[in-house]
Amino acid sequence: MATTTVGEADERLKQTSFLRRLMGRPELGAVGGAILVLIFFAIVARGTGLFSAMGVLNFLEVSAQLGIIAVAAAMLMIGGEFDLSVGSMIGFAGIVIAIPAVEWGWPLWLTILLAFAVALGVGWINGTIVVRTGLPSFIVTLGGLFILRGLTIGLTRLITGRTQIPGLRPLVEEDWLAGLFAGKVGYGLMQWLGDMGIIATRPDGVPLASGISMSIIWWVVITVLATWVLLRTRLGNWIFACGGDPNAARNVGVPVARVKIGLFMFTAVAATIFALVQTLSVGSADVLRGQLKEFEAIIAAVIGGCLLTGGYGSAVGATFGALIFGTVQMGIFYTGVNTDWFKVFLGVMMLIAVLFNNYVRRKATEGR
Amino acid sequence: MAEVPLIEVRDVSKHFGTVIALSGVSMTVWPGQVHCLLGDNGAGKSTLIKTLSGVHKPSEGEILLEGRPIVFESPRDALDRGIATVYQDLAMIPLMSITRNFFMGREKSVTRGRGLFERLDMKRANAIAREEMAKIGIDVRDPTQAVGTLSGGERQCVAIARAVYFGAKVLILDEPTSALGVKQASVVLRYVAQARARNLGVVFITHNVHHAWAVGDVFTVLNRGKTLGTFRKDEITREQLLNMMAGGKELEELSTELAEFARSDRARQPEAAAVEEEVAEELEKEVELDEKLAAQEHRLRRDGS
Ligand SMILES: Nc1ncnc2c1ncn2[C@@H]1O[C@H](COP(=O)(O)OP(=O)(O)OP(=O)(O)O)[C@@H](O)[C@H]1O
Ligand SMILES: [Mg+2]
Chain G
1 MATTTVGEAD ERLKQTSFLR RLMGRPELGA VGGAILVLIF FAIVARGTGL
51 FSAMGVLNFL EVSAQLGIIA VAAAMLMIGG EFDLSVGSMI GFAGIVIAIP
101 AVEWGWPLWL TILLAFAVAL GVGWINGTIV VRTGLPSFIV TLGGLFILRG
151 LTIGLTRLIT GRTQIPGLRP LVEEDWLAGL FAGKVGYGLM QWLGDMGIIA
201 TRPDGVPLAS GISMSIIWWV VITVLATWVL LRTRLGNWIF ACGGDPNAAR
251 NVGVPVARVK IGLFMFTAVA ATIFALVQTL SVGSADVLRG QLKEFEAIIA
301 AVIGGCLLTG GYGSAVGATF GALIFGTVQM GIFYTGVNTD WFKVFLGVMM
351 LIAVLFNNYV RRKATEGR
Chain X
1 MAEVPLIEVR DVSKHFGTVI ALSGVSMTVW PGQVHCLLGD NGAGKSTLIK
51 TLSGVHKPSE GEILLEGRPI VFESPRDALD RGIATVYQDL AMIPLMSITR
101 NFFMGREKSV TRGRGLFERL DMKRANAIAR EEMAKIGIDV RDPTQAVGTL
151 SGGERQCVAI ARAVYFGAKV LILDEPTSAL GVKQASVVLR YVAQARARNL
201 GVVFITHNVH HAWAVGDVFT VLNRGKTLGT FRKDEITREQ LLNMMAGGKE
251 LEELSTELAE FARSDRARQP EAAAVEEEVA EELEKEVELD EKLAAQEHRL
301 RRDGS
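Chains as they are written, first to last, in the working numbering: chain G, 1 to 368; chain X, 1 to 305.
Think of the hints as simulated: they come from the structure by calculation, not from any bench. Given the structure is predicted, the values throughout are model-derived calculations rather than measurements. Cβ atoms here follow ideal geometry from the backbone N, Cα and C, with glycine treated the same way. It cannot be assumed that every hint is accurate.
Short, incomplete list of chain X residues facing chain G, as computed with Cβ under 8 Å [said to hold, decoys possible]:
| hint | residue |
| --- | --- |
| 1 | 55 |
| 2 | 76 |
| 3 | 87 |
| 4 | 92 |
| 5 | 93 |
| 6 | 100 |
| 7 | 103 |
| 8 | 104 |
| 9 | 105 |
| 10 | 111 |
| 11 | 120 |
| 12 | 124 |
With beta-carbon atoms standing in for the labels, derived distance ranges [claimed, not checked]:
| hint | chain 1 | residue 1 | chain 2 | residue 2 | range |
| --- | --- | --- | --- | --- | --- |
| 13 | X | 135 | G | 308 | 53 to 63 Å |
| 14 | G | 282 | X | 114 | 39 to 49 Å |
| 15 | X | 124 | G | 189 | 32 to 42 Å |
| 16 | G | 120 | X | 108 | 18 to 28 Å |
| 17 | G | 247 | X | 228 | 39 to 49 Å |
| 18 | X | 81 | G | 155 | 42 to 52 Å |
| 19 | G | 198 | X | 135 | 51 to 61 Å |
| 20 | X | 135 | G | 247 | 23 to 33 Å |
| 21 | X | 127 | G | 189 | 34 to 44 Å |
| 22 | G | 343 | X | 89 | 42 to 52 Å |
| 23 | G | 110 | X | 108 | 53 to 63 Å |
Just chain G, with the same shape it has in the complex (with noise of 0.2 Å):
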């Protein structure tokens, strides 16, 4: 115990040295992981276009649309929880934005705030049931992963007879909402560097990579906007304690349960926002979309130092993960390895996240 009496200082602190301090945040082994694979791939794919403009817009895409998920993924895994149907939730967003739009004419618009709701209340469900029960929201989302999948596949059937909806398309580009989420935007920029050169143009100038899609500005906005949360605000000060001790934090006041629905609601509409760019960019809506992305927004969260029980990790961490994910999974393809072995990959590299979290965790909690 410290005994000494302020104004001398305690020669046992040593002064907190900048690697501690950087050591301590949750976030580092994704950072390092990210660069690190970039590195890899920048001497593995050269002159394969992955580092080209197109190419890099590609894989940011990919990690964009994962990284929307995972970010909500992480602040839900802070919060103490876990969501299992986010993959069945993307594509029932998908049908309820596609059905009403496609079959029954409705305006774009309005279905999407259709799905906003309907994404609202599966969260609410969900973190009402856990708040309420007790029970491990690994069970009960994995009840929802299940019963979300079968009325998606159901209710598609049932009104369409098949499982895809096609025709979306025209109806994006008559819609005022829609760009929000199946745009894209930086025209000006892109064609500016193309202009100087810096990327690749057609060849009646117009730059390949054309614009930057909507779903990197949503996951940009998404992890600028989470990180703020969690670390500036009350409400971030909530999520940690309530994944840290829950009992704790009642006592001192914080409605545990306010919180953890709010969060599972926050999953809810990440996953809207995914099926939204997905579903509006493409055209159509499938009823299997969204499958296994359960998983990987959790591993994203996890190699981004997310402690699966709760009360640690970052936003920044999980963005990274998704990151190192896309890079990955867009490398091999470029490389042209047997995709196969990405599953492979993700599955280690999940679990050197894990023991290398787990080390600096406890170095950085240590006693002194």
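Chain X with the ligands: place on chain G using the hints.
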């Protein structure tokens, strides 16, 4: 003393399934008074204060806050009404920083900006946490370090500093001195005296009768969920209290018993005898230490008023 008690507990019982943790307990907390709650392990002390701080709702009986019957919906509710508690299990989150733990549940007091732009002023929060910890005699170099890296006593100090900082009317301390060294314990006792001087009502749970005697005005002894009575300091002696808690006598007996053992064992097992002698000595020292603390009492009283 004010006309209305801060808190009045009337015939409160608490059952956990078939376990009767409290049955028909009454007590009154006045402003500017330190109310000591004494009793053996499992007597129901923690359960009683948890009904005061909104963790448990009483199964029977009622609680009055400043004369009005009240049911605390949650710990937050009790906190908002000015009742701050240091729980025996501390309610700390090891992986979170000292500052974040300090302000947990009370973040509003260090926010800047409004609405969507409301944010924690971490600089100010860190400064306050450091300052408040310094007041209790702990020099935290880095308030952003995880609470998990602190020693048990230091954690205790964070919890106490937090409760004192936010305690508006009533300060409840559940065994705040049990993990502390002599020095920190006396700092905590001085805090208790200061809180009384600021006209707060203090509920102070301890197993150490000397600590209790040093700062207490009123003593309630619990035994197996029932009160053995409430006594003002001038109605009872320390020895009587000690006997009621069934602590002091046994300690003395143990000390003499061990000395006996040592004597009889000396011939046969010199090593074991040496160990026992040491233990007996330690116990004696402890008694001396207790007396020293009791001597501090007068000084604390002066500090307090
Ligand atoms: N949540 C609970 N569920 C069931 N039984 C409980 C619960 N909380 C307390 N008890 C029981 O109530 C009794 C009183 O416990 P309490 O914690 O109030 O004792 P205490 O006087 O604070 O003891 P100590 O001095 O060891 O802290 C014990 O027998 C305990 O087992
Ligand atoms: Mg207790």
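Structure-based check of all given hints:
Taking 8 Å as the C-beta cut-off, the interface hint given for residue 55(X) holds, the closest approach to chain G being about 6 Å. Proximity of residue 76(X) to chain G holds as hinted, the smallest CB-CB distance being about 3 Å (cut-off 8 Å). For residue 87(X), the shortest C-beta to C-beta distance to chain G is roughly 6 Å, which falls under 8 Å, so the interface hint holds. For the restraint placing residue 92(X) at the interface with chain G, the shortest Cβ-Cβ distance is roughly 6 Å, inside the 8 Å limit, so the hint holds.
Among the interface hints, the one on residue 93(X) holds; its C-beta lies about 4 Å from the nearest C-beta in chain G, closer than the 8 Å criterion. Hint on residue 100(X) holds. Least Cβ distance to chain G is approximately 6 Å, under the 8 Å limit. Hint on residue 103(X) holds. Least Cβ distance to chain G is approximately 7 Å, under the 8 Å limit. Given hint, residue 104(X) at the interface with chain G, holds; its Cβ is 5 Å from that chain's nearest Cβ, closer than 8 Å.
Look at residue 105(X): its Cβ gets to within about 3 Å of chain G, closer than 8 Å, so that hint holds up. Taken as an interface hint, residue 111(X) checks out: its beta carbon lies about 6 Å from the nearest beta carbon of chain G, inside 8 Å. Using the Cβ-Cβ criterion of 8 Å, the hint placing residue 120(X) at the interface with chain G is satisfied: the shortest such distance is roughly 5 Å. At its closest, the beta carbon of residue 124(X) sits 13 Å from a beta carbon of chain G; the interface hint therefore is violated under the 8 Å criterion.
Range check, residue 135(X) to residue 308(G): Cβ separation about 38 Å, and the 53 to 63 Å hint is violated. In this structure the supplied range 39 to 49 Å holds for residue 282(G) paired with residue 114(X), their Cβ-Cβ distance being about 42 Å. Under the hint 32 to 42 Å, the C-beta atoms of residue 124(X) and residue 189(G), about 40 Å apart, fit the expected range. Range check, residue 120(G) to residue 108(X): Cβ separation about 26 Å, and the 18 to 28 Å hint holds.
About 31 Å separates the C-beta atoms of residue 247(G) and residue 228(X), a value inconsistent with the hinted range of 39 to 49 Å. Separation of residue 81(X) from residue 155(G) is about 50 Å and conforms to the stated range, judged on CB atoms against 42 to 52 Å. Restraint check, residue 198(G) to residue 135(X): a C-beta distance of roughly 59 Å satisfies the suggested window 51 to 61 Å. One distance hint, 23 to 33 Å for the beta-carbon pair residue 135(X) and residue 247(G), holds here, with the actual separation near 28 Å.
The hinted range of 34 to 44 Å is satisfied by residue 127(X) and residue 189(G), whose Cβ atoms lie roughly 43 Å apart. Checked against the hint of 42 to 52 Å, the C-beta distance between residue 343(G) and residue 89(X) comes to roughly 44 Å, which is consistent with it. Residue 110(G) and residue 108(X) have their C-beta atoms about 38 Å apart, which leaves the hinted 53 to 63 Å range violated.
In this structure, the earlier hints numbered 12, 13, 17 and 23 are contradicted, and the remaining ones agree with it.
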